[in-house]
Amino acid sequence: MKKENRLAKVKRRNQSIAFGLFQLISYSIVALLFIILAFIVIKGFSVISWEFITEMPKEGMTQGGIYPAIIGTLCLVLGSMLFAFPVGVLAAIYMNEYVKDGWGKKIIKQMTNNLAGVPSIVFGLFGMALFVNKLEFGDSLLAGSLTLGLLVLPVVIRTTEESLKAVDDTFRHASLALGASKWQTTSRVVLPIAFPNILTGLILSIGRVSGETAPILFTVAAYFLPKLPTSIFDQAMALPYHLYVISTSGTNIEASRAMAYGTALILIIIVLVSNLLANALRKYFGKKVKMN
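Residues 1 to 292 in full-length UniProt numbering are what the sequence shown spells out, letter by letter.
Please note: incorrect hints may appear among the correct ones.
[Stated by the list, open to error] Here are the simulated DSBU-like pairs of lysine-lysine, each with C-alpha atoms no more than 35 Å apart in a straight line: (1) K105 to K182; (2) K100 to K227; (3) K43 to K182; (4) K227 to K134; (5) K109 to K165.
Read the hints as simulated data drawn from the structure, not as lab findings.
Working from the sequences, and respecting the hints, build out all of it.
Okay, here's the thing in structure tokens:
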């Protein structure tokens, strides 16, 4: 009995140590995140003004605002999501609902997982070779959006597939038993239930697309372009590339240092607002599913 009590105490002690260590690591990560955010906010808040947000850049990007870069970033995010989200969702529906388990399905899944790990600069070079040169889109919003869409396509496919797998098969069987076709069951029963979780892929994709520099470096980004794009075949400034240039190779790095912190803060705000909107949509559709 004493031996069992001793073993139980040792287990509880080891468990407490392990949980304490995990808790310390978790709090350290959160604290590091807040330190980084606080540093950017402190450095960049003094630069933020209405003129900084709405004016064109001047004097080699050492003065003026970042309005073209903000608009360019929003256009790229919207364009890439218009391509990646429907294509990724439809591909995942086909893979999960229609393709039977076998070696072919395993190969496709493995290739999708491999694509998710490919460095972004490789997608940039591919986008330049295909969209910019081969299809002759040139350095344009269209080429940049398609390249970014390809970059996040594996994320959308995998998150959508996992969301569809989480739907209980009883819903499918009940729908089919009532005489519904396979497509009717998928589109009217399975997809609405899984849709709130599918939006998780959209949230992750928006966050990644907003901060990518390498893909747009070869396909759309302009160094200094104090005007707004008028069509999908125009070049555009973008916040990630703008931040990279004024921080590393601008005409006067020290003079534009404050603008760099302000640009970083604006980029964080855009990503935060986009994620909040996507989360609001997820909650809205989640409530609709529960009500139905």
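Taking the earlier hints as the rules, which of them does this structure contradict? 2, 3
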